[in-house]
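With the hints as constraints, model all of the structure from the sequences given.
These are the residues of each chain, in order.
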Amino acid sequence: MKEILAEIDNWQQAGKRVALATVVQVYGSAPRPLGAKLAVSEDGAMVGSVSGGCVESATVQEALEALEAGAPRLVSYGIADETAWEVGLACGGTIEVFIEPLDW
Amino acid sequence: MKEILAEIDNWQQAGKRVALATVVQVYGSAPRPLGAKLAVSEDGAMVGSVSGGCVESATVQEALEALEAGAPRLVSYGIADETAWEVGLACGGTIEVFIEPLDW
Amino acid sequence: MAELYHAVAQAIRQDELCAVVTVLSGDEIGRKLLVRRERKVEGSSSAVAAAGSLGHTALDQAALARAAEAMEARRTARISLPVEEQEWDLLIDVHAPQERLVIVGAVHIAIPLVSFARELGLYTVVIDARPIFATQDRFGHVDELIRSWPDEALQEMKLNESSYVVTLTHDEKLDTPALICALNSPVGYIGALGSKRTHAKRVAALQEAGVSDQQISRIHAPIGLDLGGRSPGEIALAIMAEIVQVRNRSKEAGR
Amino acid sequence: MAELYHAVAQAIRQDELCAVVTVLSGDEIGRKLLVRRERKVEGSSSAVAAAGSLGHTALDQAALARAAEAMEARRTARISLPVEEQEWDLLIDVHAPQERLVIVGAVHIAIPLVSFARELGLYTVVIDARPIFATQDRFGHVDELIRSWPDEALQEMKLNESSYVVTLTHDEKLDTPALICALNSPVGYIGALGSKRTHAKRVAALQEAGVSDQQISRIHAPIGLDLGGRSPGEIALAIMAEIVQVRNRSKEAGR
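Chains as they are written, first to last, in this note's numbering: chain X, 1 to 104; chain G, 1 to 104; chain U, 1 to 255; chain A, 1 to 255.
It is worth saying that the hints were derived from the structure and are not from the lab.
Beta carbons: idealized from backbone N, C-alpha and C, even for Gly.
Hints may be right or wrong, so weigh each one.
Claimed, not checked - Looking from chain G toward chain A, a few residues come up when the C-beta cut is under 8 Å (computed):
#, residue
1, L5
2, W11
3, T22
4, V24
5, A69
6, G70
7, F98
Claimed, not checked - Calculated cross-link-like contacts (lysine-lysine; reagent style DSSO-like; alpha-carbon spacing at most 27 Å):
#, chain 1, residue 1, chain 2, residue 2
8, A, K32, G, K2
9, G, K37, A, K196
10, G, K16, A, K32
11, U, K196, A, K251
12, A, K173, A, K201
13, G, K2, G, K37
14, X, K37, X, K2
15, A, K201, G, K37
16, X, K16, X, K2
17, A, K158, A, K251
18, U, K32, U, K173
19, X, K37, U, K196
20, U, K251, U, K32
21, U, K32, X, K16
22, A, K158, A, K173
23, X, K16, X, K37
24, G, K2, A, K158
25, X, K2, U, K196
26, U, K32, X, K2
27, U, K251, A, K196
28, X, K16, U, K251
Next comes the structure, spelled out in structure tokens:
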């Protein structure tokens with residue numbers, strides 16, 4: 001978390017809303033551990049990561065929707081086939097990500 | 001030693017005489033351990049190493065002289081000042097090198 | 001609004017161990033509780049609910065107990081907590097200070113030791129005043145290379161329970177002041193290279209400097225697990241293995 | 001002429017443990033003795049003077065004894081040997097086969113394990129038939145990445161006392177045949193990842209395959225020293241520390 005605080009500060013000081021995505025469950029051995037974080041600003045900029053790369057863009061989409069809705073959500077990403085492996089989620093399986101507006 | 005065998009073979013097959021230099025004593029912590037080897041062909045080509053780089057050329061000179069003389073010799077290299085460190089012998093001290101014609 | 005986040009961000013910035021509990025599903029989704037440690041007079045500490053709420057007093061209390069365990073184990077966990085005839089789906093997100101290995105003496109053993117520590121995710125610092133040892137060439141892989149006297153450098157660092165200090169200089173004049181500095185801090189591991197004979201001399205020097213035997217007993221010497229090797233790599237591995245073992249045993253015991 | 005050298009070169013090429021003793025100063029400067037091991041019927045071995053001479057029978061015998069010790073310790077040494085009222089200045093140059101870590105299963109733990117082994121100077125091999133595990137991306141740092149069935153790959157390798165085999169696949173169908181292969185060789189270390197329960201099942205499978213209990217007892221399981229961590233890096237460190245400890249104890253005991 002420490003490594004993304006400065007960028008979140010920048011966004012908040014610029015008056016932008018921010019959403020936070022956190023890995024809350026890992027089935028199999030995923031590239032990023034439980035608690036790994038991705039922050040997303042209302043204009044779609046991101047910092048941090050929740051996977052080796054392949055679910056980041058989907059997570060940004062969900063994060064923007066969560067900001068619109070003003071409510072948290074729990075999302076599951078299943079990565080089972082070889083293609084997914086190749087795009088970077090090195091160890092397969094499923095991850096669950098909790099996505100919330102940073103309004104607390 | 002294994003990594004220099006092929007090159008020694010090449011030289012011998014080309015009819016060239018070869019000298020072998022071996023680190024036989026290390027005072028302080030030198031970059032190359034006891035037993036480290038440098039082989040030198042009669043035309044001054046070398047393979048392997050006895051230091052991080054700074055006593056290699058002096059060793060090649062001694063090796064060529066040993067080939068001329070047809071006899072082994074024991075040589076000491078003292079590396080004490082900062083300049084020597086900077087040229088690559090990372091840990092200072094003194095090394096002793098045994099230099100012999102490979103005629104056995 | 002944003003108060004809880006700012007408390008969390010502040011704790012993390014100050015390298016303080018803390019946990020954020022979040023309700024992940026159900027009616028209370030998104031509710032949070034911040035758990036920090038309160039240090040008591042005699043040095044021990046206990047976890048306290050510092051801010052926020054999960055919406056029910058009984059749930060807050062049960063979550064606090066589980067958060068305290070997770071903090072001691074330094075392990076983020078997803079749990080299902082039964083309180084008041086409901087199963088609560090919670091994340092206990094532990095924010096632990098970055099572990100740091102501080103190596104006094106830019107000697108040969110320090111080179112593989114830095115590699116091992118980095119592979120394990122530790123932040124690495126090497127301190128040596130001697131310019132011929134502390135070179136970028138030898139330590140291009142370290143996070144921080146400090147060219148100054150070890151005790152001065154250590155005094156300026158905020159050594160905490162997640163800091164591990166190792167002295168490797170082979171030189172009493174450098175090692176002993178560094179050890180005194182480390183012993184005056186709550187570091188999680190202190191190890192000193194040297195034979196039993198060297199260590200006996202060191203103990204005498206520390207006693208003379210007024211360090212108590214109880215404090216001296218915190219020093220691991222001879223350093224490292226007994227893996228039986230003598231090469232720099234083997235000694236570095238033995239040291240790294242000992243640090244990990246000591247750290248994990250402290251976690252299990254609860255600090 | 002050159003006969004001795006060719007015998008030495010051949011032994012080194014065949015990954016055979018041997019030592020070359022050389023007189024470093026005095027009248028006999030440059031004289032050499034090659035020491036190899038003779039394997040006895042019952043599996044043990046003893047060092048023998050295989051070629052050359054230092055010029056005196058008593059000196060050859062004394063040097064042979066010291067060379068045998070140095071070979072067991074895998075340690076090149078400069079010694080001063082008193083024989084016949086003279087101090088002989090000798091180098092005992094030990095040529096040990098390159099140590100090799102063979103990892104079965106390109107799982108996450110294998111990534112830091114390869115790093116640790118390479119830092120210690122071991123040659124590293126990772127075997128996994130599953131293309132999604134055995135990727136260049138994950139294992140760019142390994143010396144050799146073999147994409148085939150573990151037992152087939154192991155059969156093709158010349159496993160010797162300086163080879164260490166670790167199975168990490170979490171899959172009995174892959175691990176068990178690999179273990180049988182390793183047990184049929186003189187490898188210096190065999191370790192298998194898995195809980196006590198997994199290992200009990202594995203022992204049953206090996207017994208059913210006709211492997212003797214004495215052979216099965218060569219397997220280190222649960223694998224690794226007890227450092228108390230659960231992360232891939234911690235487990236890899238515990239495995240590496242165990243391999244080094246087992247190797248060094250074998251050296252001390254003499255193989």
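Verification of the supplied hints:
no.	hint	in the structure
1	L5	holds (5 Å)
2	W11	violated (12 Å)
3	T22	holds (7 Å)
4	V24	holds (5 Å)
5	A69	violated (11 Å)
6	G70	violated (10 Å)
7	F98	holds (6 Å)
8	A/K32 <-> G/K2	holds (19 Å)
9	G/K37 <-> A/K196	violated (47 Å)
10	G/K16 <-> A/K32	holds (22 Å)
11	U/K196 <-> A/K251	holds (23 Å)
12	A/K173 <-> A/K201	holds (12 Å)
13	G/K2 <-> G/K37	holds (10 Å)
14	X/K37 <-> X/K2	holds (10 Å)
15	A/K201 <-> G/K37	violated (49 Å)
16	X/K16 <-> X/K2	holds (20 Å)
17	A/K158 <-> A/K251	holds (21 Å)
18	U/K32 <-> U/K173	violated (51 Å)
19	X/K37 <-> U/K196	violated (47 Å)
20	U/K251 <-> U/K32	holds (25 Å)
21	U/K32 <-> X/K16	holds (22 Å)
22	A/K158 <-> A/K173	holds (23 Å)
23	X/K16 <-> X/K37	holds (18 Å)
24	G/K2 <-> A/K158	holds (17 Å)
25	X/K2 <-> U/K196	violated (41 Å)
26	U/K32 <-> X/K2	holds (19 Å)
27	U/K251 <-> A/K196	holds (23 Å)
28	X/K16 <-> U/K251	violated (40 Å)
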